[in-house]
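The task is simple: from the sequences and hints, build the whole structure.
Residue-level listing of the chains:
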Amino acid sequence: MLAHAIIFYFFAFVTITSSIMVISTKNTVHAVFLLILDFVSVSCLFIMLGAEFLGMITLIVYVGAVAVLFLFVVMMINIDFAELKSGSLDYMPFGLLVGLVILVELGMMAVSWKYKPDFVVKNPMTTTTASNTESIGLLIYTDYFFFFQLAGFILLVAMIGAIVLTFRRKNSLRRQDITKQVSREREDAVELIKVISSKGVKIND
Amino acid sequence: MISEYLYIIFFDSLKILALIVPVLIAVALIVWVDRRVWGLVQLRKGPNVVGPFGLLQTAADALKYIFKEIIIPAGSNKIIFILAPVVTMSLALLAWAVIPFGDNLYVTNINVGILYIFAVSSLGVYGIIMAGWASNSKYPFLGALRSAAQMVSYEVSIGLIIVTVLLCVGSLNLVDIVLAQKNIWFAIPLFPMFVIFFISALAETNRPPFDLPEAEAELVSGYQTEYSGMMYALFWLGEYANILLMCALGSILFLGGWLPLLDIAPLNLIPSPLWLIFKILLLFIVFALIKAIVPRYRYDQLMRLGWKVFLPVSLFWVVLTASFLFYFNLLPNQS
Numbered sequence: 044m045l046a047h048a049i050i051f052y053f054f055a056f057v058t059i060t061s062s063i064m065v066i067s068t069k070n071t072v073h074a075v076f077l078l079i080l081d082f083v084s085v086s087c088l089f090i091m092l093g094a095e096f097l098g099m100i101t102l103i104v105y106v107g108a109v110a111v112l113f114l115f116v117v118m119m120i121n122i123d124f125a126e127l128k129s130g131s132l133d134y135m136p137f138g139l140l141v142g143l144v145i146l147v148e149l150g151m152m153a154v155s156w157k158y159k160p161d162f163v164v165k166n167p168m169t170t171t172t173a174s175n176t177e178s179i180g181l182l183i184y185t186d187y188f189f190f191f192q193l194a195g196f197i198l199l200v201a202m203i204g205a206i207v208l209t210f211r212r213k214n215s216l217r218r219q220d221i222t223k224q225v226s227r228e229r230e231d232a233v234e235l236i237k238v239i240s241s242k243g244v245k246i247n248d
Numbered sequence: 108m109i110s111e112y113l114y115i116i117f118f119d120s121l122k123i124l125a126l127i128v129p130v131l132i133a134v135a136l137i138v139w140v141d142r143r144v145w146g147l148v149q150l151r152k153g154p155n156v157v158g159p160f161g162l163l164q165t166a167a168d169a170l171k172y173i174f175k176e177i178i179i180p181a182g183s184n185k186i187i188f189i190l191a192p193v194v195t196m197s198l199a200l201l202a203w204a205v206i207p208f209g210d211n212l213y214v215t216n217i218n219v220g221i222l223y224i225f226a227v228s229s230l231g232v233y234g235i236i237m238a239g240w241a242s243n244s245k246y247p248f249l250g251a252l253r254s255a256a257q258m259v260s261y262e263v264s265i266g267l268i269i270v271t272v273l274l275c276v277g278s279l280n281l282v283d284i285v286l287a288q289k290n291i292w293f294a295i296p297l298f299p300m301f302v303i304f305f306i307s308a309l310a311e312t313n314r315p316p317f318d319l320p321e322a323e324a325e326l327v328s329g330y331q332t333e334y335s336g337m338m339y340a341l342f343w344l345g346e347y348a349n350i351l352l353m354c355a356l357g358s359i360l361f362l363g364g365w366l367p368l369l370d371i372a373p374l375n376l377i378p379s380p381l382w383l384i385f386k387i388l389l390l391f392i393v394f395a396l397i398k399a400i401v402p403r404y405r406y407d408q409l410m411r412l413g414w415k416v417f418l419p420v421s422l423f424w425v426v427l428t429a430s431f432l433f434y435f436n437l438l439p440n441q442s
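Line order of the protein sequences matches chains A and B. The numbering used here runs 43 ahead of the 1-based position in the first sequence. The numbering used here runs 107 ahead of the 1-based position in the second sequence.
Hints listed in this document are in silico derivations from the structure and should not be mistaken for laboratory results. The structure displayed is predicted, hence computed values, not measured ones. Do not rely on the hints blindly, as some may be mistaken.
Computed cross-link-like contacts, DSS-like style, restricted to lysine-lysine with a CA-CA straight-line distance of at most 25 Å [unchecked claim]:
hint	chain 1	residue 1	chain 2	residue 2
1	B	Lys245	A	Lys69
2	B	Lys171	B	Lys152
3	B	Lys185	A	Lys69
4	A	Lys223	B	Lys415
Here it is in structure tokens:
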């Protein structure tokens, strides 16, 4: 139990320190790396709680995909260190406001949240000895099926929206059409023309 | 109490060493195999001077790298620059913890083994991105951008392929995945998935024909440009450890892991780790042959292949496999 506690406090410390450093560091790329450290230690905490499926999914989705895309965008920003040193206190009131709103929302959730009356009794997470992955599957594909599907639809709409907003069809763009290239025969490309002296030829293309 | 912890730590360290040392030796040998196959395809001899058949060539190279000076560019971001090869190498070794070499022959056997391997191999991209950004130079940066996009795209199809296999197994545990192939290896019913997995593994490990992140002809070896000495060697070892890992994953998912070809007398007497090693080696030789034979893809062709061919095909196979198993009542773990 002692080792467990030591490891838990280690990861908890890393999580909190790195998330504070994400917002306090000046260099945006460093901020993303610290965010990755934060995600990794959060997933370690999940694993320590026995939620190994959630821990691995956090690693795969957030660290393996989302943070890579963050890094991808942030890396291309030209970091202007003179501007960075000018101080970020200008945004302090707004940041505090956002933080306050989230805190109030969390507080409201914590106070008013109620489980379904038979949640703990019927919940496969607490009743079966099945592995964590199976119990999550049993839960989200039965009781919470509609919420799960709804979340999927929201993501789908967001994805389509992002594509529609950024997609522009350019007619001037010449794309490679591999079947067209491969199926091109000699007859389509080469034509032998008898050139009459002092008249030349008219090439129609 | 304390002595108990010490005992556990000592015993676990021994287990880890017993895995990592053979993996590192295997990496050294596999580099030699790679160069040898490459040479034979091109009608050269390849490394054949140092040691018997040139087997010690990698050791000689490693010594050379160790004694070279490490140069850190003045404009680089030093911490991340040094961290990048360390991350690459340690992540490449980390995933080996869950690879089973036999019924009871593994360092750990966790319930979500396949997800663990997938997660660790998806972290591998950070070594390259960190190297590319921290070098503060154009070629490494372009290499890092290419590699980030490439690895994220091919991970999607690898994920769907793993889902197809898991549908047939009903468990995320690697030992269960191997034991589910007792009757038939998944390479036979899921053959198209096996091919797509193999090609995606080539892209995931930046092997030719998908070695665009280091494309020496255009990017002067990409993200590794500014690295020298031991730090370069770490990238190089990490890359080969990753390739071996992908071969191991391929043999566990599709070629029946440590299971013998047929469960009859002369074949099932060979110890199980040897079967897995044999399968890994077989896949690796195909990797090496492809490196020698296939020319490099252009970047847009690479992306087209990933998103417009592999993603729809593997998604279709997931749906097909699921419907097939459901219709014929073959789904595992039905309660």
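Practice problem: Any hints from earlier that this structure breaks? Give me their numbers in increasing order, please. | Solution: Every hint satisfied by this model.
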